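**Q** Let the sequences and hints guide you as you build the complete structure.
If you read the sequences in order, they're chains H and Y.
Counting from 341, one number per residue, gives the positions in the first sequence under the numbering used here.
Counting from 178, one number per residue, gives the positions in the second sequence under the numbering used here.
Source of the hints: derived by calculation from the structure; they are not laboratory data.
Keep in mind that this is a model prediction, so the values were computed, not measured.
Using N, Cα and C, we set each Cβ at its ideal position, and we do this for glycine too.
Incorrect hints may have been included.
[Unchecked claim] Below, a sample of chain Y positions facing chain H; criterion: calculated Cβ distance under 8 Å:
#  : residue
1  : Y193
2  : C201
3  : S238
4  : L244
5  : F248
6  : G263
7  : E302
8  : R306
9  : G367
10 : K372
11 : H375
12 : K418
13 : K422
14 : K426
[Said to hold, decoys possible] Okay, the calculated beta carbon distance ranges per label pair:
#  : chain 1 : residue 1 : chain 2 : residue 2 : range
15 : H       : S720      : Y       : K404      : 23 to 29 Å
16 : Y       : D316      : H       : E593      : 56 to 62 Å
17 : Y       : W208      : H       : K563      : 35 to 41 Å
18 : H       : H574      : Y       : G348      : 51 to 57 Å
[Claimed, not checked] With a straight-line Cα cutoff of 20 Å, these simulated DMTMM-like cross-link-like pairs (lysine to aspartate or glutamate) come out:
#  : chain 1 : residue 1 : chain 2 : residue 2
19 : H       : K558      : Y       : E223
20 : H       : K528      : H       : E561
21 : H       : K496      : Y       : D283
22 : Y       : K405      : H       : E744
23 : H       : K555      : Y       : E243
24 : H       : K750      : H       : E782
25 : H       : K737      : Y       : E401
26 : H       : K496      : Y       : E302
27 : Y       : K285      : H       : D491
28 : H       : K762      : H       : E782
29 : Y       : K204      : H       : D740
30 : Y       : K404      : Y       : D416
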Amino acid sequence: MRLRSKLAIRAAKLTSILIKKMKRGSGVTLPGYVARRIDPNILTAMAEQVRGKIIVTMGTNGKTTTNAILCRALESEGHKVIINRTGANMLNGIISAFVLATDRKGKLDADFACIEVDEISSVGVLPKLKPDCALLTNISRDQLDRFGEVDITYNKLLTAVKSVPDTTLIINCDDILSYSLAEESGNKFVTCGISEQIFDDISRSEIRESIFCRKCGKKLEYKFFHYGQLGIYHCPNCGWERPEPDYTAQNIELQDEVYSFDLDGMHIDSTARTPYNVYNTLSAYTALKTMGAGYAGFKDMIEAFDYGNNRESIFTIDGARVQLHLAKNPIGFQQKISLVLKDEKPKDIIIQINDTAQDGRDISWLWDVDFQYLADSNASRIITAGTRRYDMGLRLKYEDIPCETTTDLKAVVEDCAKNGTKNLYVIVNYSGLYRTNHMLAELEKGGADK
Amino acid sequence: MKLTIGHLYPDLLNLYGDRGNIQCFRKRLEWRGIEAEVIPFLSGDEIDFTKLDIVLLGGGSDREQELVCGFLQNIKDDFRNYVEDGGVVLAVCGGYQLLGKYYKTDKKTIEGLGVLNITTDWEPERLIRDIVLDSPLFDRPVVGFENHGGRTEIGDHTPFGKVTYGFGNNGKSGYEGVIYKNVIATYLHGPLLPKNPHVCDYLLERALKRKYGEDAVLEPLPDEMEKKANDYIVERYNDKKYILKETIKRHT
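**A** Right, here's the structure in full:
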């Protein structure tokens with residue numbers, strides 16, 4: 341290894357130690373920045389040290405979960421895997437993941453690398469990583485103020501993928517934008533999709549990103565939608581249509597809050613509680629088969645897999661069941677509403693909406709979510725919190741759903757847990773997730789100590 | 178009383194929660210006991226403007242706007258007559274641009290309706306952030322979120338408001354949007370109306386007066402939550418420290 345790379349690694353590690361000593365955050369991005377300033381080619385140098393394959397996971401929803409499944413599957417076969425943890429999916433965070441995983445000599449001991457890549461960063465990251473596979477979960481509206489428009493995200497991803505022509509794509513062909521991108525890129529691609537209509541009405545909201553043919557511009561016809569823009573489409577004008585997927589999940593059933601399904605000859609009793617985790621599982625499996633690793637023990641691994649990943653956690657506070665959910669874009673939020681409605685018991689609901697740069701400064705997407713269903717959710721109280729609590733409150737008001745607002749989330753959680761329905765849902769967007777998760781964990785612990 | 182609201186091309190122009198504007202029109206009529214009918218016109222549908230009291234033209238991506246442009250040419254004369262006759266229009270972002278003569282992107286020129294004497298040219302750097310306006314029409318500021326690549330020149334038209342925080346029409350003039358007869362054309366998403374009930378009521382009252390005569394009035398609503406949401410953004414950008422922090426964050 342070149343001296344410059346060694347120096348970069350040293351400096352990055354030192355930075356990481358300093359950040360931790362000073363308790364200035366988790367230190368997952370700055371070390372990468374430091375390493376890159378010293379050696380601009382550090383990521384390529386690191387990637388070359390991976391003995392087996394490198395896979396990147398991109399897309400609007402499901403990146404973190406899908407990447408976690410990939411990593412777990414490979415590890416369960418005894419492989420050593422480099423993974424970038426949640427929130428570190430831009431260039432600096434990815435570099436950090438690599439350099440901080442090296443030994444004292446700056447050498448990497450890794451069979452595989454599973455790297456989650458942010459859509460906007462993909463253009464800079466992919467040519468440096470030169471991954472063997474790129475998994476694209478789906479392309480839909482997210483944090484629009486940063487990306488401008490869905491078409492901009494699409495073009496970024498397309499440019500990124502085209503810059504690595506030897507990379508095999510794994511795509512969800514029920515998403516027309518992903519399929520269109522795969523066709524346009526010229527890269528080799530493998531598809532997965534679900535051909536039976538499984539998901540309920542409520543999760544199929546009106547959010548429609550692309551109902552026009554990407555080939556000829558005429559209106560597409562859909563046999564049905566799963567949710568969001570995912571569905572079975574064809575163009576009556578030019579004949580462009582959703583292909584028969586290479587991998588598919590069948591006989592999908594929801595029983596006792598969890599999904600079971602058949603996949604590639606296996607029957608899987610998963611712990612997935614939401615339909616999109618069926619998709620995440622399917623696409624991860626497709627990727628593992630494509631890479632030729634990590635799929636032998638897939639059934640056992642996935643049946644024990646915890647999709648929670650801090651994003652769907654359940655706590656017991658004061659005898660109340662408290663669920664924490666992340667909803668950071670319209671499709672994700674619609675799914676959470678669907679989940680809330682499946683629970684017929686009385687409940688309290690807290691919705692926290694922030695508008696930091698991480699969340700997206702634009703909160704207009706709240707109006708693309710069909711909140712009217714919450715009127716039938718058997719909610720005894722709905723409370724909005726976060727910097728944009730009034731906007732969230734207005735959204736409910738314009739569906740004639742009464743709500744309160746608060747600036748003290750913790751007090752409201754305690755109050756609901758103690759005096760409420762004993763069934764509390766806390767739904768937050770991105771920037772509130774870690775703090776709220778921590779707060780709920782503390783409240784749970786505090787109660788247990790008493 | 179009853180108002181009929183035409184939502185133009187929701188299948189193409191539906192970005193950034195703009196359907197919240199429709200919901201706001203509808204609810205604020207219903208809450209006052211006035212009937213509201215919303216008719217969505219999908220691309221290709223026939224539109225009879227004589228039956229409409231309010232028209233909403235929302236925003237779409239550049240690709241979708243190009244598709245809309247084709248449909249607009251068929252209704253160009255009817256739309257212009259409706260506006261000249263005092264018809265109420267709310268045009269947001271892409272809809273605003275399409276009311277003008279043209280919208281020129283890096284690839285092509287999209288011909289607009291020519292209702293307004295304005296032109297828009299695309300630039301690669303998008304103007305994205307919260308925005309606050311002082312409008313001569315209202316005592317209360319107008320707040321929203323702007324996100325546009327187009328720079329609009331409004332010529333002799335009256336702007337919708339003066340920008341107190343944000344970019345506005347072209348990031349330079351210090352003004353935002355256009356008011357023309359009973360048309361409000363603006364870049365403000367958010368969506369615009371729920372946080373600016375004064376703007377919503379202004380348009381509703383204009384439509385009522387046009388249909389039922391000058392005696393038609395709107396009863397005031399309490400609007401507590403609306404005012405809090407509006408105040409929050411206004412106060413945030415009255416705070417110099419907050420603006421400084423934002424600016425530093427943006428550049429690091």
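**Q** All hints are to be evaluated individually against the structure, with a verdict given for each.
**A** Hints, one by one, checked against the model:
no.	hint	result
1	Y193	holds, 4 Å
2	C201	holds, 6 Å
3	S238	holds, 4 Å
4	L244	holds, 6 Å
5	F248	violated, 12 Å
6	G263	violated, 27 Å
7	E302	violated, 10 Å
8	R306	holds, 7 Å
9	G367	holds, 6 Å
10	K372	holds, 7 Å
11	H375	violated, 14 Å
12	K418	violated, 16 Å
13	K422	violated, 11 Å
14	K426	holds, 7 Å
15	S720(H) <-> K404(Y): 23 to 29 Å	holds, 27 Å
16	D316(Y) <-> E593(H): 56 to 62 Å	holds, 58 Å
17	W208(Y) <-> K563(H): 35 to 41 Å	holds, 40 Å
18	H574(H) <-> G348(Y): 51 to 57 Å	violated, 43 Å
19	K558(H) <-> E223(Y)	holds, 18 Å
20	K528(H) <-> E561(H)	violated, 27 Å
21	K496(H) <-> D283(Y)	holds, 17 Å
22	K405(Y) <-> E744(H)	holds, 13 Å
23	K555(H) <-> E243(Y)	holds, 15 Å
24	K750(H) <-> E782(H)	holds, 11 Å
25	K737(H) <-> E401(Y)	holds, 11 Å
26	K496(H) <-> E302(Y)	holds, 15 Å
27	K285(Y) <-> D491(H)	holds, 16 Å
28	K762(H) <-> E782(H)	holds, 18 Å
29	K204(Y) <-> D740(H)	holds, 9 Å
30	K404(Y) <-> D416(Y)	holds, 18 Å
Checked against the numbered hints given earlier, the structure breaks hints 5, 6, 7, 11, 12, 13, 18 and 20 and satisfies all the rest.
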